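Okay, here's what each chain looks like letter by letter:
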Amino acid sequence: MDLQDLVQEDAGAGTFRIHRSTMTSAEILRLEQERIFDRCWLYVGHDSEVAKNGDFIRRTIAGRPLFMVRGLDGVVRTFMNSCIHRGAQICRQDQGNAGGFVCFYHGWSFNDRGELIAVPDPEGYPEGFCESGRRLLSPPHVDSYRGLHFVNFAAEAISLVDYLGSARELIDQTMDAAELVGGWQITRGSAKYDIRANWKLLLENSVDNYHFQTVHKTFADYMAGERKRANLPRLAGNPFADSRGVTYENGHVAMLTTAAGRSLANPSPTWTPEAIAEANRLREQMIATHGEERGTAMANRSRFLLVFPNLMFHDTQSGMKLRQFWPTAPDRMQVTQWELVPRRESKELAYYRLQGGVTFQGPGGFGTPDDVEALESCQIGYGCHEVEWSDASRGMRRDSRSDDELTARGFWRHWHALILGGTGTDRMGDPPVPQKVVAMQRAAR
Amino acid sequence: MSAAKVLSYGEPGTTQDLMLRLAVENFLANEAALLDSWRLDDWLALFTPDARYLVPPTDLPDADPERDCMFIDDDFERLKGRVARLKSRYAHREYPVSRTRRLVTNLRLTGVTDEEVAAEASFLVYRSRNEHLAPYVGLYRYRLAIEKNGEFRIRFRRAELDLERLSDHGAVSIIL
Chain P
4 MDLQDLVQED
14 AGAGTFRIHR
24 STMTSAEILR
34 LEQERIFDRC
44 WLYVGHDSEV
54 AKNGDFIRRT
64 IAGRPLFMVR
74 GLDGVVRTFM
84 NSCIHRGAQI
94 CRQDQGNAGG
104 FVCFYHGWSF
114 NDRGELIAVP
124 DPEGYPEGFC
134 ESGRRLLSPP
144 HVDSYRGLHF
154 VNFAAEAISL
164 VDYLGSAREL
174 IDQTMDAAEL
184 VGGWQITRGS
194 AKYDIRANWK
204 LLLENSVDNY
214 HFQTVHKTFA
224 DYMAGERKRA
234 NLPRLAGNPF
244 ADSRGVTYEN
254 GHVAMLTTAA
264 GRSLANPSPT
274 WTPEAIAEAN
284 RLREQMIATH
294 GEERGTAMAN
304 RSRFLLVFPN
314 LMFHDTQSGM
324 KLRQFWPTAP
334 DRMQVTQWEL
344 VPRRESKELA
354 YYRLQGGVTF
364 QGPGGFGTPD
374 DVEALESCQI
384 GYGCHEVEWS
394 DASRGMRRDS
404 RSDDELTARG
414 FWRHWHALIL
424 GGTGTDRMGD
434 PPVPQKVVAM
444 QRAAR
Chain U
281 MSAAKVLSYG
291 EPGTTQDLML
301 RLAVENFLAN
311 EAALLDSWRL
321 DDWLALFTPD
331 ARYLVPPTDL
341 PDADPERDCM
351 FIDDDFERLK
361 GRVARLKSRY
371 AHREYPVSRT
381 RRLVTNLRLT
391 GVTDEEVAAE
401 ASFLVYRSRN
411 EHLAPYVGLY
421 RYRLAIEKNG
431 EFRIRFRRAE
441 LDLERLSDHG
451 AVSIIL
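The listed protein sequences correspond, in order, to chains P and U. Residues 4 to 448, numbered by the working numbering, are exactly what the first sequence covers, in order. Residues 281 to 456, numbered by the working numbering, are exactly what the second sequence covers, in order.
Don't read these hints as lab results, they were simulated from the structure. Every value quoted in this text rests on a predicted model; they were computed, and no experiment measured them. Note that beta-carbon positions come from the ideal geometry of N, C-alpha and C, so glycine has one too. Certain hints may be false.
Listed next, with one range per pair, are the computed distances between beta-carbon atoms [said to hold, decoys possible]: (1) P:ALA446 x U:ARG347: 57 to 63 Å; (2) P:ASP97 x U:PHE356: 31 to 37 Å; (3) P:GLU182 x U:ASP442: 37 to 43 Å.
Capping the alpha-carbon separation at 27 Å, the derived lysine-lysine pairs in DSS-like fashion look like this [said to hold, decoys possible]: (4) P:LYS350 x U:LYS360; (5) U:LYS367 x U:LYS428; (6) U:LYS360 x P:LYS231; (7) P:LYS231 x P:LYS350; (8) P:LYS220 x P:LYS231; (9) P:LYS220 x U:LYS360; (10) P:LYS55 x P:LYS439; (11) P:LYS220 x U:LYS428; (12) P:LYS195 x P:LYS220; (13) P:LYS55 x P:LYS195; (14) U:LYS367 x P:LYS231.
Construct the entire structure; sequences and hints are all you get.
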């Protein structure tokens with residue numbers, strides 16, 4: 004299939020479809036590695052993971068083993084985890100604290116800034132070998148935004164700030180909200196799991212509310228039971244009435260909803276009066292500091308933001324999480340999910356936050372396992388090569404709700420532009436609905 | 281199933297100690313049999329109302345549920361919710377249900393009082409479904425309450441995985 008034809012949009016008909024070879028082809032995955040993962044800004048880790056000087060963490064980013072260190076000078080640096088001598092890994096622990104790193108293979112020593120400082124038997128080398136500026140390599144571009152550290156492997160790249168573009172406002176809302184309670188801190192431990200499905204399936208799933216009522220019926224039933232136990236009436240009305248999808252430049256897309264139960268600061272009526280009062284105080288502080296509109300958005304809105312290509316930023320009623328996923332084969336991905344908590348939060352709110360998270364999202368939650376099942380089921384379904392297309396037309400003919408597929412279309416438009424060798428798409432969002440259709444819809448009402 | 285009666289206990293190596301070990305072993309084997317046959321209501325009946333069921337993440341077996349990331353942190357209410365969910369045809373990851381076989385072994389009694397027995401055991405839980413076999417391996421930590429009638433009830437049950445990640449497993453959708 005011609006790359007040009009992989010994603011097809013018919014603005015007149017209001018339809019959008021994606022060829023399923025995008026989910027199964029080894030050649031497409033190779034192109035993704037070359038034209039997406041080797042060109043985009045990629046998340047590595049959070050400031051709080053290397054809080055103290057000498058702290059380090061180890062990560063694999065786009066197939067490269069890397070490690071991130073806070074030097075003894077307080078500066079965070081990211082290194083390629085490969086000795087410049089013969090290639091062995093310099094950092095062999097997932098995390099720790101060190102003043103320097105010695106390669107275990109032949110004993111080359113590097114300081115906290117990655118500079119080669121000693122080799123065993125230096126007489127075997129030309130004079131001044133160690134002093135000649137030899138050092139561990141870093142990715143070509145390294146930058147951070149609001150405590151989130153990124154790298155970019157392209158020779159030339161736009162700045163991280165430009166890359167994040169107007170999606171920064173969502174990140175800012177979450178970061179500003181946490182400033183009032185000491186900022187975010189990644190908890191100890193993470194959820195690491197594989198899904199036997201193409202990586203883009205998880206991305207679509209993460210910004211899709213359309214599947215909620217079907218895939219997550221058991222979770223909805225459990226939450227309804229919680230309300231019943233608290234003698235609260237059943238939730239009525241359209242759960243998506245006050246929700247929407249958003250597209251930004253550079254492939255970032257988001258789903259915004261307003262479900263209650265956010266410890267920052269949209270309390271659930273099932274909480275104790277003290278916890279509700281505390282969350283409401285926090286909301287008032289947000290409004291006082293950031294104004295009515297922005298403060299309310301910070302408090303009420305759940306933000307499900309995809310930072311293109313593979314970082315999900317979840318600030319929702321299931322807590323604050325970062326989730327990153329990497330393809331290891333066309334039909335397999337590795338997922339890591341980190342949980343973030345405010346440094347200063349009452350024990351009670353922290354409890355609700357952690358409980359909200361563990362109930363739904365994660366390998367043992369009441370939600371995620373069924374998402375995993377749905378994604379793997381799609382991938383098995385792709386074995387039917389004759390069924391060539393997946394459909395993402397929902398909501399092209401109306402103002403987007405969060406259970407529409409605007410977010411998927413935004414992602415795919417950008418993805419397609421990059422796969423074709425370009426730098427991005429001119430239009431992330433849907434084309435305007437034709438006047439003719441608007442008139443027809445109006446007449447039908 | 282009726283839980284084994286605890287007769288008494290004694291110093292290591294004594295007959296009383298062996299009897300207690302056998303009673304705990306018997307209890308755990310019967311518990312595993314209930315789970316492997318998906319008799320989840322009967323399994324739930326083994327717990328005390330103040331019970332807790334925990335599964336820490338693979339990269340932090342000693343995780344503290346009060347402040348760290350957890351895979352599962354159930355009190356009795358949520359455990360009831362978990363069982364209700366797993367019995368539903370809408371728990372898609374387990375509908376149709378997977379086949380499991382549990383090996384619970386290397387039992388050690390780590391603390392015994394008149395009210396409670398603390399025990400550790402190694403587990404290997406095989407789950408197979410959709411042509412994939414995934415073994416969950418790890419350590420159980422139990423606290424079994426000794427009821428007035430001499431039967432055990434589970435007060436605390438923690439399954440610590442010895443895996444680097446959930447690779448072929450994808451999730452912890454079964455009871456571990």
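Status of each hint after checking the structure:
1. P:ALA446 x U:ARG347: 57 to 63 Å: holds, 59 Å
2. P:ASP97 x U:PHE356: 31 to 37 Å: holds, 34 Å
3. P:GLU182 x U:ASP442: 37 to 43 Å: This hint holds: roughly 39 Å between Cβ atoms.
4. P:LYS350 x U:LYS360: Status holds; Cα separation ~25 Å.
5. U:LYS367 x U:LYS428: violated, 31 Å
6. U:LYS360 x P:LYS231: The given pair, whose Cα atoms are some 15 Å apart, holds under the 27 Å limit.
7. P:LYS231 x P:LYS350: holds, 25 Å
8. P:LYS220 x P:LYS231: holds, 16 Å
9. P:LYS220 x U:LYS360: With Cα atoms ~16 Å apart, P:LYS220 and U:LYS360 stay inside 27 Å; holds.
10. P:LYS55 x P:LYS439: violated, 61 Å
11. P:LYS220 x U:LYS428: Roughly 40 Å separates the two Cα atoms, so the pair is violated.
12. P:LYS195 x P:LYS220: The hint holds at about 25 Å.
13. P:LYS55 x P:LYS195: holds, 25 Å
14. U:LYS367 x P:LYS231: holds, 20 Å
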